[in-house]
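Asker: Below are the chains, spelled out letter by letter.
Number of protein chains: 2
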Amino acid sequence: MAKKKIPIKEKVRKGNEEYAKENCRILAGKDILCINLMSSPGAGKTTLIEVTREFFGDDYRIAVIEGDLAGNIDEKRLMKSGIPVVQINTVSMCHLNAYMVNEVLEDLPLDDADFIFIENIGNLVCPAGVPLGEDVRVVILAITEGDDKPAKYPVIFHDADAVVINKIDFLRFMDVDVASIEEQIKAINPDASIFKVSAINGDGIGEWADWLAMKKKEKA
Amino acid sequence: MAKKKIPIKEKVRKGNEEYAKENCRILAGKDILCINLMSSPGAGKTTLIEVTREFFGDDYRIAVIEGDLAGNIDEKRLMKSGIPVVQINTVSMCHLNAYMVNEVLEDLPLDDADFIFIENIGNLVCPAGVPLGEDVRVVILAITEGDDKPAKYPVIFHDADAVVINKIDFLRFMDVDVASIEEQIKAINPDASIFKVSAINGDGIGEWADWLAMKKKEKA
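Order-wise, the sequence lines are chains A and B.
Taking our numbering, the leading residue of the first sequence gets 1423, the next gets one more, and so forth.
Taking our numbering, the leading residue of the second sequence gets 1423, the next gets one more, and so forth.
Worth double-checking, as some hints may not be accurate.
Since the list gives no way to pick one copy over another, a pair counts as held whenever it fits inside one copy or between any two copies.
[Unchecked claim] Here are the simulated SDA-like pairs of lysine to any residue, each with C-alpha atoms no more than 25 Å apart in a straight line:
id, residue 1, residue 2
1, 1638, 1573
2, 1498, 1609
3, 1618, 1594
4, 1638, 1495
5, 1436, 1608
6, 1436, 1590
7, 1436, 1593
8, 1618, 1598
9, 1502, 1615
10, 1637, 1483
11, 1618, 1525
12, 1638, 1449
13, 1618, 1597
14, 1608, 1499
15, 1618, 1568
16, 1436, 1637
17, 1452, 1620
18, 1502, 1438
19, 1608, 1493
20, 1618, 1596
21, 1608, 1557
For the record, the hints were derived by calculation from the structure and aren't laboratory data.
From just these sequences and the hints, can you work out the full model?
Answerer: Have a look at this one:
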């Protein structure tokens, strides 16, 4: 799918909330679950999308809105897997907003998708307060970032529907207190579902994918 | 040192640039090199400060301004090492600004410090355009974040005086193209000094510390 540049400096005529509602309306009649995927840079957002798609196989179809400051490295990666994807480049902006998503949403095959993943800018702070019209908010946290991140960056965890603790395959090589990470998340947000996965070797992906399928059924 | 809460919602009467200049003036007569340390969450800012201090031993004295959204985990870590430190909590703000730094700067022992490290909020986007009055800007990048980050987050690398590629001890366990990371940095910012280090085992810390000492002499 062609790269689309969003004119981010164009005056946004409506507020973010209104665009988020419009995105919700566009998706409401489509039997699609829309996931706002947030994390630090390099926590594994794209790899999680790839492995989730592999796990779903022919059961569910996914499409992706790919946010980056610059370039289309991840768009090219996902296109290789045959995933429909549109790229947004924010240049220097630190999160996606609902206007940007609105500009590209209908470029995706909305009648042939079960899940839309919006891969936000890698940033554990700014995307937190900016709804995009998503159904669920998911934060990915790689254990290679250490075991103190929920306590240090509580805001983004507070409103997450799920937290995916990724790169657990690195537990062989490093001393990280995953139980403490879980405790910190629960202290901030007792309702968040927590998954421990390795997007590289597939550990835990079944539970995560089942949760997505459940959320999709709940919405329908 | 006591934790100091900055009233970030207080109306900032002057612009950031003016506070940055004021911070420069405060530090100018002190024979101190001030380093704005920026990275993604969990790239190793605090550990790099600890290992740099160990390396300097009695040769140089360091002090730290510690930025976090919440808590004082890193302040407590650094205090255990006997490092003078003041903590700033930004609550939900995604970067430090020069006003916040101005509010705490003179709480540090400015007559007994050679280096002040300002540990910015973990964020590879927003701290880029916000000068704090520092002498040098340093970006840390952990190889566990993958090998495509400079290309994806070019803005923060563009104005860096140095980039520290950290966690190179993980090269034993994962396939990361460090040469590509270096090429991406050089393409964005040919003048940046690049250091490959492990803040855990001390590899490469000598070159990094020598660079800091050189920068301090250049300023004097």
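Asker: Confirm or reject each hint.
Answerer: How the hints compare with the structure:
no. : hint         : verdict
1   : 1638 to 1573 : neither (30 Å within a copy, 35 Å between copies)
2   : 1498 to 1609 : between (38 Å within a copy, 21 Å between copies)
3   : 1618 to 1594 : both (14 Å within a copy, 23 Å between copies)
4   : 1638 to 1495 : neither (29 Å within a copy, 38 Å between copies)
5   : 1436 to 1608 : neither (36 Å within a copy, 40 Å between copies)
6   : 1436 to 1590 : neither (42 Å within a copy, 46 Å between copies)
7   : 1436 to 1593 : neither (46 Å within a copy, 48 Å between copies)
8   : 1618 to 1598 : both (13 Å within a copy, 23 Å between copies)
9   : 1502 to 1615 : neither (31 Å within a copy, 35 Å between copies)
10  : 1637 to 1483 : within (15 Å within a copy, 54 Å between copies)
11  : 1618 to 1525 : neither (34 Å within a copy, 41 Å between copies)
12  : 1638 to 1449 : within (12 Å within a copy, 57 Å between copies)
13  : 1618 to 1597 : both (16 Å within a copy, 22 Å between copies)
14  : 1608 to 1499 : between (34 Å within a copy, 24 Å between copies)
15  : 1618 to 1568 : both (14 Å within a copy, 20 Å between copies)
16  : 1436 to 1637 : neither (29 Å within a copy, 48 Å between copies)
17  : 1452 to 1620 : neither (31 Å within a copy, 49 Å between copies)
18  : 1502 to 1438 : neither (32 Å within a copy, 45 Å between copies)
19  : 1608 to 1493 : between (36 Å within a copy, 17 Å between copies)
20  : 1618 to 1596 : both (16 Å within a copy, 19 Å between copies)
21  : 1608 to 1557 : within (21 Å within a copy, 41 Å between copies)
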